[in-house]
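Participant: Quick note, the sequences are listed as chains B and E, same order.
Under this note's numbering, think of the first position of the first sequence as 14, with each following residue one higher.
Under this note's numbering, think of the first position of the second sequence as 22, with each following residue one higher.
Since the hints were derived computationally from the structure, they do not count as laboratory data.
The structure displayed is predicted, hence computed values, not measured ones.
There's no promise every hint is true.
To be verified - Simulated coverage check for chain B against chain E, where a stretch passes if three residues somewhere in it have a Cβ under 8 Å from a Cβ of chain E:
id, segment
1, 27–33
2, 66–80
3, 95–101
4, 105–114
5, 141–147
For every residue, glycine included, the Cβ atom is placed at its ideal position computed from N, Cα and C.
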Amino acid sequence: MIDLILLSAALFFGILAVYSRDNVYSASSLAAAAGAVGAYYAYLMQFAAAFLLFVIYIGAVMLLVIMTAAMYGGVQRQGGKYFLATTLVTLVVVLLSVVVWLGPQAKPQAYLPADLATVVVLLFGVVVVSLLTGVEVARRV
Amino acid sequence: MTAALVVGFVLILLGVYGIATTRHLVRILISLELATVGAFAMLAPALVTSPALAFYGVLLLVIISVSEATILAALIYRSYVLTKSTDLSALSEGREV
Chain B
14 MIDLILLSAA LFFGILAVYS RDNVYSASSL AAAAGAVGAY YAYLMQFAAA FLLFVIYIGA
74 VMLLVIMTAA MYGGVQRQGG KYFLATTLVT LVVVLLSVVV WLGPQAKPQA YLPADLATVV
134 VLLFGVVVVS LLTGVEVARR V
Chain E
22 MTAALVVGFV LILLGVYGIA TTRHLVRILI SLELATVGAF AMLAPALVTS PALAFYGVLL
82 LVIISVSEAT ILAALIYRSY VLTKSTDLSA LSEGREV
């Protein structure tokens, strides 16, 4: 359950990163999405990878992105709505996680390894979409 | 596990969509990093099945993202110095007409 909450938070902040008008808010949402994915890694007990994600990725790359966004194009538009939405979502995620964590733990499910064919199909989809996007953008410029 | 794959895939698609629909270099940087976050999410199931191999994948992805962010940030600074804008449309040199 906690994994779904964390992944939903990552998805929400990812959508916010694309659709937020202000570059600073967009970059902050991106950092929050990366933080949710890092928390998901920690939930899976992969602490080395979570450490890499939190310290190197969020500590260095996200800092660079937020600073660049602040220097070029942070116009502080719709600040109240943004802060209200992000604060509410963060609080809900934290509360739900605490409730699930403290509640009766379900019996651990038997782990089913991810189907390699599914991953290959998904990655192939990403390649096709990237290729189409690249061709369309190149035609437009 | 499947949820991580789906969320990662959607984040990558959102990043690609963001790159396709903007001409602003900062937004391109943000969208590119969003696609990287999606790749991180898609790598999570592999961390459980083969932790050592997937850890090297995460490490490689971090190194790649640091490199791409640095190069794009340098490009943004240079573009702003030259054109006083971070809009791709302002860069006309070196373009086939």
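Participant: Now, for every hint given, state plainly whether the structure supports it.
Facilitator: Here is how each hint holds up against the structure:
1. 27–33: holds (count 4)
2. 66–80: holds (count 8)
3. 95–101: With 0 residues close enough to chain E, the hint is violated.
4. 105–114: violated (count 0)
5. 141–147: holds (count 3)
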